[in-house]
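Peer 1: Sequence:
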Amino acid sequence: MHHYRKATAVFIIVLTLMLPLFLEKKEETAVVNLDEVLTASRHLQELRKESRAESGEDDSLQTVEAEIMEILRREAENLAAENSYSSIIIDQAVYQGGKNVSQEIADKIDNKYK
Numbered sequence: 008m009h010h011y012r013k014a015t016a017v018f019i020i021v022l023t024l025m026l027p028l029f030l031e032k033k034e035e036t037a038v039v040n041l042d043e044v045l046t047a048s049r050h051l052q053e054l055r056k057e058s059r060a061e062s063g064e065d066d067s068l069q070t071v072e073a074e075i076m077e078i079l080r081r082e083a084e085n086l087a088a089e090n091s092y093s094s095i096i097i098d099q100a101v102y103q104g105g106k107n108v109s110q111e112i113a114d115k116i117d118n119k120y121k
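The opening position of the sequence shown corresponds to residue 8 in my numbering, with each subsequent residue numbered one higher.
Treat the hints with caution; some may be incorrect.
[Stated by the list, open to error] Computed cross-link-like contacts, EDC-like style, restricted to lysine to aspartate or glutamate with a CA-CA straight-line distance of at most 20 Å:
#, residue 1, residue 2
1, K119, E57
2, K119, E34
3, K56, E72
If you are wondering where the hints come from, they were derived from the structure by calculation, not from laboratory data.
Could you build all of it, start to finish, from the sequences and the hints given here?
Peer 2: Below you can see the structure in the form of structure tokens.
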């Protein structure tokens with residue numbers, strides 16, 4: 008009977024060590040095409056038009072570009088948290104793999120900044 012206790016203890020330890028492998032969520036890498044997001048998002052298009060209409064200065068253009076990148080970063084972070092993406096990267100350097108989430112980010116931006 009003493010052997011059964013040891014066997015049960017070993018079984019519980021092995022099961023405890025293996026359980027996280029089966030419960031772990033599968034994370035996926037997502038890819039964003041900046042040009043696609045800028046084309047699809049009305050809000051981002053309006054920001055760019057306003058900056059060009061206000062002045063042709065490089066400082067205002069750089070400020071708007073920084074604001075656009077901050078909006079994209081924030082929305083990509085939210086999307087990654089909602090959909091369990093391990094990372095969201097810009098697709099200019101990706102040759103294979105990754106789910107394209109450009110349209111999703113553009114839709115989120117437009118819905119948030121209506």
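Peer 1: Each of the hints needs a verdict: does it hold here or not?
Peer 2: Against the structure, the hints:
1. Between K119 and E57 the alpha-carbon distance is near 19 Å, which keeps this suggested pair within the 20 Å criterion.
2. In summary, the hint linking K119 to E34 is not supported, as the alpha carbons are separated by about 25 Å, beyond the 20 Å threshold.
3. Distance restraint check for K56 and E72: the Cα-Cα separation of roughly 12 Å lies within the 20 Å cut-off, and the hinted pair is therefore satisfied.
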